[in-house]
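Asks: Just so you know, the protein sequences line up as chains E and U, in that order.
Counting with the numbering used here, you get residues 10 to 119 for the letters of the first sequence.
Counting with the numbering used here, you get residues 891 to 1002 for the letters of the second sequence.
Keep in mind that the hints were calculated from the coordinates and are not lab data.
Bear in mind that the values here come from a model prediction, so they are computed numbers and not experimental data.
According to the in silico footprint, chain U covers these stretches of chain E (three or more CB under 8 angstroms from chain U): (1) 39 to 49; (2) 95 to 105; (3) 108 to 119.
The beta carbon of each residue, even a glycine, is placed where N, CA and C say it ideally should be.
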Amino acid sequence: TQLLEQSPQFLSIQEGENLTVYCNSSSVFSSLQWYRQEPGEGPVLLVTVVTGGEVKKLKRLTFQFGDARKDSSLHITAAQPGDTGLYLCAFRSGTYKYIFGTGTRLKVLA
Amino acid sequence: DTAVSQTPKYLVTQMGNDKSIKCEQNLGHDTMYWYKQDSKKFLKIMFSYNNKELIINETVPNRFSPKSPDKAHLNLHINSLELGDSAVYFCASSQEGPYGYTFGSGTRLTVV
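So that you can see chain E by itself, here it is in the shape it has in the complex:
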């Protein structure tokens, strides 16, 4: 069974700090996505990365796809309380299926 491990599992930081979340697997992916889920809501797609080494930025969030397309990272600069949530990576396994990672729960304290 393919597995996506995310680290850390939990993260609690002060507003204004920087952080990085990691998503790792032993498999090579054709594409990888990052989602954020807030309490009581479904996950919301943040970004899709397709090319090895690709870097995408979304305001204070920077996403990187590993050169070998086996891992990815999400870096948040100057975290804000609004960044609080569950961050999930997911890879496409076949045409109609995405496998989700184990998740990172982030809490940003004001």
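Chain U: place on chain E using the hints.
Replies: Below, chain U without anything else, positioned relative to chain E:
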């Protein structure tokens, strides 16, 4: 307009009962899904339908029966509910290609 809407939001029921969850999407997507999120927040695929046809069934007990009357709707019926069925169930839809999912806001099922 909500893109993927599922009802009900909360469902509390006794063991042994039968219940249904409904899902509708207005995005024109061809593929719809049911995912289960457990207490550790792990999301696992249950079913996938493409244009009303079942294409993925991830070894889910046959007490769970999805039905897709048209490509905009995917319902989930659960028979003989068990305590272990307690979880949050998410409906999602997608278009073909690496575009990811649009999720509904979830149905929290509690079996007592």
